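Undergrad: Mind docking chain B on chain A? Use the hints.
Protein chains in written order, with this note's numbering: chain A, 330 to 698; chain B, 360 to 731.
These aren't lab readings, by the way, just hints derived from the structure by calculation.
This structure is a prediction, so every number in the text was calculated from the model and none was measured.
The beta carbon of each residue, even a glycine, is placed where N, CA and C say it ideally should be.
The calculated lysine-lysine pairs, modelled on DSBU-like cross-linking and capped at a C-alpha distance of 30 angstroms, are: (1) B:378 with A:529; (2) B:369 with A:608; (3) A:499 with B:452; (4) A:499 with B:435; (5) A:640 with B:606; (6) A:673 with B:435; (7) A:691 with B:378; (8) B:536 with A:640; (9) B:378 with A:608; (10) B:606 with A:421; (11) B:382 with A:691; (12) A:435 with A:391; (13) B:564 with B:369; (14) A:406 with B:678; (15) A:416 with B:536; (16) A:529 with B:729; (17) A:499 with B:678; (18) A:374 with B:678; (19) B:382 with A:529; (20) A:435 with A:385; (21) B:450 with A:673; (22) B:508 with A:436; (23) A:640 with B:435; (24) B:678 with A:395; (25) A:640 with B:450; (26) B:369 with A:529; (27) A:529 with B:564; (28) B:536 with A:499; (29) A:673 with B:452; (30) B:564 with A:338; (31) A:436 with A:395; (32) A:339 with B:564; (33) B:382 with A:608; (34) A:416 with B:606; (35) B:678 with A:421; (36) B:564 with A:608; (37) B:562 with A:338.
Quick look at which bits of chain B chain A covers, simulated, 3 or more residues with Cβ under 8 angstroms: (38) 397 to 403; (39) 445 to 454; (40) 482 to 489.
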Amino acid sequence: MKRFIGFVKKEFLHIFRDFRTLIILFGIPGVQILLFGFVVSNDLKNAQVSFLDLSKDETTRKISDKICASGFFTRGKDLLSYNDIEKVLRGKATKAVVVFEKDFGKKLISQGRAVVNIVADGSEPNMATLTTNYITAIVTDYNRELAGPAASGALLVQPEVRMVYNPSLKGQFMFVPGVITLIMILICALMTSITITREKEFGTMEVLLVSPLKPYQIILGKVLPYFILSFIDVIIILILSWFVFGLPIRGSLVLLLAESMLYILMSLSLGILISTFAKNMQQAIFISLVGMMLPTVLLSGFIIPLENMPKIYDWVSALLPPRYFIVIIKNIMIKGTGFLYVWKETLILVLFIVVAIGLSIKNFKIRLE
Amino acid sequence: MRTILYLIRKEFIQIFRDKFIGKAIFGIPIIQMLILVPAVTFEIRNVRLCIVDKDLSVESRQLISQLEGSTFFRIKASTFSEEEANHLMDKGKSDMIIQIPSGFGKDLGLGRSASLMVMANAINAVNAQLSWAYLNGVIRDYNLNIIAKNAGVAAVSGIPQIQVTNRYWYNELLNYKFYMLPGVLGILVLAIGFVLAGLNLVKEKEIGTIEQINVTPVKKYQFIIAKMVPFLLIGLVDMTVGLLFGKLIFHMPFEGNIALLFLCSSIFLVAVLGFALFLSTFSSTQQQYMFTAFFFMIVFILMSGVFTPLDSMPAWAQKINVVNPVAYVMRINRMVLLKGSAIRDISSDIYALVIIASAFTFLAVNRYRKTA
Numbered sequence: 330m331k332r333f334i335g336f337v338k339k340e341f342l343h344i345f346r347d348f349r350t351l352i353i354l355f356g357i358p359g360v361q362i363l364l365f366g367f368v369v370s371n372d373l374k375n376a377q378v379s380f381l382d383l384s385k386d387e388t389t390r391k392i393s394d395k396i397c398a399s400g401f402f403t404r405g406k407d408l409l410s411y412n413d414i415e416k417v418l419r420g421k422a423t424k425a426v427v428v429f430e431k432d433f434g435k436k437l438i439s440q441g442r443a444v445v446n447i448v449a450d451g452s453e454p455n456m457a458t459l460t461t462n463y464i465t466a467i468v469t470d471y472n473r474e475l476a477g478p479a480a481s482g483a484l485l486v487q488p489e490v491r492m493v494y495n496p497s498l499k500g501q502f503m504f505v506p507g508v509i510t511l512i513m514i515l516i517c518a519l520m521t522s523i524t525i526t527r528e529k530e531f532g533t534m535e536v537l538l539v540s541p542l543k544p545y546q547i548i549l550g551k552v553l554p555y556f557i558l559s560f561i562d563v564i565i566i567l568i569l570s571w572f573v574f575g576l577p578i579r580g581s582l583v584l585l586l587a588e589s590m591l592y593i594l595m596s597l598s599l600g601i602l603i604s605t606f607a608k609n610m611q612q613a614i615f616i617s618l619v620g621m622m623l624p625t626v627l628l629s630g631f632i633i634p635l636e637n638m639p640k641i642y643d644w645v646s647a648l649l650p651p652r653y654f655i656v657i658i659k660n661i662m663i664k665g666t667g668f669l670y671v672w673k674e675t676l677i678l679v680l681f682i683v684v685a686i687g688l689s690i691k692n693f694k695i696r697l698e
Numbered sequence: 360m361r362t363i364l365y366l367i368r369k370e371f372i373q374i375f376r377d378k379f380i381g382k383a384i385f386g387i388p389i390i391q392m393l394i395l396v397p398a399v400t401f402e403i404r405n406v407r408l409c410i411v412d413k414d415l416s417v418e419s420r421q422l423i424s425q426l427e428g429s430t431f432f433r434i435k436a437s438t439f440s441e442e443e444a445n446h447l448m449d450k451g452k453s454d455m456i457i458q459i460p461s462g463f464g465k466d467l468g469l470g471r472s473a474s475l476m477v478m479a480n481a482i483n484a485v486n487a488q489l490s491w492a493y494l495n496g497v498i499r500d501y502n503l504n505i506i507a508k509n510a511g512v513a514a515v516s517g518i519p520q521i522q523v524t525n526r527y528w529y530n531e532l533l534n535y536k537f538y539m540l541p542g543v544l545g546i547l548v549l550a551i552g553f554v555l556a557g558l559n560l561v562k563e564k565e566i567g568t569i570e571q572i573n574v575t576p577v578k579k580y581q582f583i584i585a586k587m588v589p590f591l592l593i594g595l596v597d598m599t600v601g602l603l604f605g606k607l608i609f610h611m612p613f614e615g616n617i618a619l620l621f622l623c624s625s626i627f628l629v630a631v632l633g634f635a636l637f638l639s640t641f642s643s644t645q646q647q648y649m650f651t652a653f654f655f656m657i658v659f660i661l662m663s664g665v666f667t668p669l670d671s672m673p674a675w676a677q678k679i680n681v682v683n684p685v686a687y688v689m690r691i692n693r694m695v696l697l698k699g700s701a702i703r704d705i706s707s708d709i710y711a712l713v714i715i716a717s718a719f720t721f722l723a724v725n726r727y728r729k730t731a
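The following block holds chain A by itself, in its conformation from the complex (with noise of 0.2 angstroms):
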């Protein structure tokens, strides 16, 4: 035992005195969670919206007045015919065209019907349907204050919406689990694949191999320091997040903590197991940050609803140890609940781990080729 603790206080000793590093695992995190949480976001602003007005009226006027007092789009160019449309969306300001017909008013009022067309860029598809969506309820919005009382009795059914578990639709609900999740998943798969395989490629594991220390003591040894840092790490986040963002935290924070605690147990023991296969600090590298950021970033829920995505991506993502440690934080930080209703995934984690550390044992080689 005493072996052991000396071993990790020259890990700690190994990771104080790279200065650089230390600033680098706990600077990122922070540094991130409030670029992300202020950058990342979903939400339609500032889109710009060119109108072509064939109509030039007072109703035409009203609408484009209404759609660039909306807050949500601001006024481009005022285009003269239809050749022109090609034009702006081809640049890159314009996100859509407002074109009005000809008459506009004057049909309106002696036909009782005009119509408004929207040309969008089909490139940006999620901006498209945002933008058409907006701007067919604004206008359908000024329909309806035209038609007036006559109007009131097609409100026949009133629909109230409650928006629960994020009543101000805070777009960093969304994001900041999910970086926490990234974050640790990569400073601790990445910092514990490398840390082994720079003793492989440098050869001073030999000499750790040859010490009275067990191989499980060295792993642990190794692993231990990064554990508690990462750990730091998490409630350094926690605290940034619910200071800048007011996220909150409406379950138990013990709860939160164990699972979190698990969680980087859960990628320690993955970066264990790159560094099983991984020969060089290079190959190791490669494995943890190419083919595990996109994934994450994509595939677990993170940027993209899981929801949206085909059904086979549902058996994709149930691979991936994020997707259930992102369900884990929203479900204790935002909706409140408690271990009932994230046991399962919680045991999943607990299931990643077993069989990391036993592929791993398998792999270990106690003997240098």
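TA: Just chain B, lined up with the frame of chain A:
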């Protein structure tokens, strides 16, 4: 010139000597592209509803069947207890609860307005808002039906109607694959260049082989160029393969000039490689480099507008993006491939990329010291 060629040869031998890296360079990007591109979609389907019908009238049933008929909604559960509905939402089994109060049908029959309670899971705020908008659409239709039934068709047509139609250009069916493919392609090329090139230089430092180069008459710029060229070529090959796969498997349209695309990608790669080599001069171990690289890569990618619209970012973030090469290349890739934009449409982006690329390369050459 000959010196550079020899150095480049040396680099290639070094890269491909490691069999794993040799395979990974081409294998990982392609597998990832095939898996990731179809996954990304923000299109909302199957919003799972939980209905609490306390009225059980003809009218409420009609509303429910109208919801069932819509492509966006799927009725996941019907219950009479609010508690159970809340419980289902807590468990993540439903996205929206629609509660029809008792007296709903009676009110409508008497021509009064009836209320309807909706609760949406808003953790994903955008999805919640869109689902709410769709729901409103269904209810609007439902209302019109009732008016038509009560008062005849004339009453409806008396109200002036502004009809809103829409069309999507460049991607009429809003195929998300066409949107994601250029983006994922850019990211993969970035990752390969950024990770491998930087690590390559730091590895020489860490192992000490850089000293052997330092004592030769090889010039600083020659050394940096020789480090860049192999990865530039690998990146371009990756991109070619990616584009081919995109064409064959995802039927990606190539509206614009492919040569222009390659030109822009090359400038982009030079910028990325220059930055990677510049960063690597600050690190003495691969571990350090990896963490700095990881930090910049995530910042570059998430700020580039590949997943979320640039316009939604705050003004200061858009200012930072001026030096983010990924933001330019994402826009260029999409504009050239989907919109068929020509050189004059993207000239300002190209100038910016050229400036960034030369600046980073200059910095890399300048920061590299031949002394130990």
